[in-house]
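Colleague: Taking the hints into account, I'd like the entire structure generated from these sequences.
2 protein chains.
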Amino acid sequence: MDFAQVKDYLVNLQNNIVAGLEQADGGSFRRDSWDRPEGGGGTSCVIEEGNVLERGGVNFSHVHGKGLPASATAARPELAGRAFEAAGVSLVLHPRNPYAPTVHMNVRFFAAIKEGAEPVWWFGGGMDLTPYYGFEEDAIHFHQICKHALQPSGSEYYPRFKKWCDEYFYLKHRKEPRGIGGVFFDDLNQPDFVTCFNLTKSVGDQFLAAYVPILQKRCNLPYGERERDFQAYRRGRYVEFNLVWDRGTLFGLQSGGRTESILMSLPPIVKWRYDWSPAAGSPEAKLYTDFLIGKDWLPLD
Amino acid sequence: MDFAQVKDYLVNLQNNIVAGLEQADGGSFRRDSWDRPEGGGGTSCVIEEGNVLERGGVNFSHVHGKGLPASATAARPELAGRAFEAAGVSLVLHPRNPYAPTVHMNVRFFAAIKEGAEPVWWFGGGMDLTPYYGFEEDAIHFHQICKHALQPSGSEYYPRFKKWCDEYFYLKHRKEPRGIGGVFFDDLNQPDFVTCFNLTKSVGDQFLAAYVPILQKRCNLPYGERERDFQAYRRGRYVEFNLVWDRGTLFGLQSGGRTESILMSLPPIVKWRYDWSPAAGSPEAKLYTDFLIGKDWLPLD
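If you're matching them up, the sequences are chains A and B in order. For the first sequence, the residue numbers in UniProt numbering are 1 to 301. For the second sequence, the residue numbers in UniProt numbering are 1 to 301.
Treat identical chains as interchangeable: a pair holds within one or across any two.
Derived lysine-lysine pairs resembling PhoX-like cross-links, with alpha carbons at most 25 Å apart:
id, residue 1, residue 2
1, Lys163, Lys286
2, Lys66, Lys175
3, Lys66, Lys7
4, Lys66, Lys172
By construction, these hints were calculated from the structure, which means they are not laboratory data.
Modeller: Next up, the structure:
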């Protein structure tokens with residue numbers, strides 16, 4: 001395994017994605033570099049009140065520390081407490097237009113280090129889409145690109161990582177999927193470093209192709225107060241997932257990460273309302289009945 | 001210990017508080033009773049778009065189950081997994097006027113049950129105040145009533161529970177207190193049931209006296225968009241605390257509680273903004289410099 005190589009890739013990935021998003025938005029990202037007192041640092045690229053993106057961030061971080069938090073690995077709790085090194089790119093984008101979905105993408109690399117032993121390393125990542133008003137063709141497009149990204153690594157990956165995504169991005173306290181899914185993977189270290197790295201790179205590299213066409217298609221649709229209101233209500237679910245269930249967020253907050261960078265994932269305006277549900281048959285109800293259902297968007301061949 | 005007696009008290013407490021708040025607001029609370037599939041149930045009283053209260057809820061719940069969640073007791077992790085019975089009243093109120101503070105109050109009773117052993121029981125509770133624009137006299141009034149509520153149980157309780165409140169309602173990831181504090185206690189079972197029950201009752205009974213005068217004094221102060229905006233921003237901290245750190249919220253969500261009742265604590269409109277801080281010397285900065293500082297609001301005699 002070659003940490004420097006992964007780090008170089010991630011730095012470039014952040015730059016490429018920010019450049020692509022600036023082109024799509026027409027506005028520019030603010031760029032903040034920061035150090036982590038316990039070791040390492042990162043660069044946060046943020047946009048607020050853009051033309052298309054109401055709020056969003058693309059983070060790069062490279063941190064190291066003495067005690068790996070339990071939230072860093074689901075599969076190998078025995079590694080908790082080891083010295084570790086971790087690097088990743090993580091992004092969340094909240095477009096202003098309620099017809100344009102929120103998106104999340106993350107690629108990460110971990111190494112758990114112990115003197116006198118081989119380091120244990122693994123990759124994780126994925127991307128997933130959270131519409132407010134769903135479009136079947138958008139869901140299909142997003143999943144097609146996800147599948148396309150994994151295809152070179154083997155056709156077994158997409159179905160496995162698609163299912164994993166549905167399981168991971170699930171609000172247990174609402175019995176509700178976060179969105180229409182995508183792909184998610186963690187603890188990936190087989191068969192070897194090069195294969196895992198290539199798979200992870202392909203996910204990162206395909207992000208713009210998966211999301212930007214959807215953003216462009218939806219960002220100029222006319223909308224009114226009703227749609228903004230529903231968007232603000234549904235964004236509450238995004239907050240609930242990220243703060244209650246997301247291991248990435250908890251890892252960041254538990255490991256002394258930079259709070260403002262971690263919480264860039266939270267939407268700009270959010271509403272909570274008691275025991276609300278949309279009128280049957282309304283466009284808002286369609287989100288629940290047709291999209292938040294853990295569906296297979298592509299034929300499972 | 002007498003569970004039925006505690007339950008009767010809590011049911012009455014909820015009714016009294018709702019009646020007092022309806023008088024203060026002029027509007028009325030909606031009342032929903034619900035069953036918990038795993039055992040027990042509750043009644044949620046909710047107000048939204050009231051005259052004074054933008055959103056708020058007063059919950060009563062009485063639940064029992066087979067496995068006590070770890071979040072239920074900080075002091076005795078060995079009780080996790082036992083059968084349990086729990087009852088409590090919990091409230092959060094978010095006034096519309098940014099000069100009126102958000103408030104939280106909770107009183108609760110737990111019993112961990114094991115066949116062939118005496119049940120282990122304890123009380124917990126407290127109240128704490130979260131201003132957006134602080135007023136020293138409000139903080140002093142709130143703490144005076146807290147102290148007054150605990151005085152009959154012994155003068156040692158207020159300083160201890162005041163400190164505990166400051167420690168508990170603290171956003172570690174922000175290095176920031178949630179508000180100006182109040183009192184907090186948990187795992188209270190000494191010297192005996194009657195003494196603990198009396199103390200807990202006194203906290204519940206003093207809530208209206210602690211909060212309503214502050215609400216009435218502030219709810220008609222003139223405000224504009226600037227103050228509403230700061231309130232929405234600061235409410236984000238309330239969401240962060242409740243979803244990331246609050247054991248009561250996590251207990252509810254982990255134990256299959258009624259999500260809409262638990263999340264009544266979340267504010268109606270919330271904003272997140274990247275790396276924002278108020279201009280030095282502004283009224284907004286005063287909140288940070290003069291109020292969110294873990295201060296002793298009463299002389300420590």
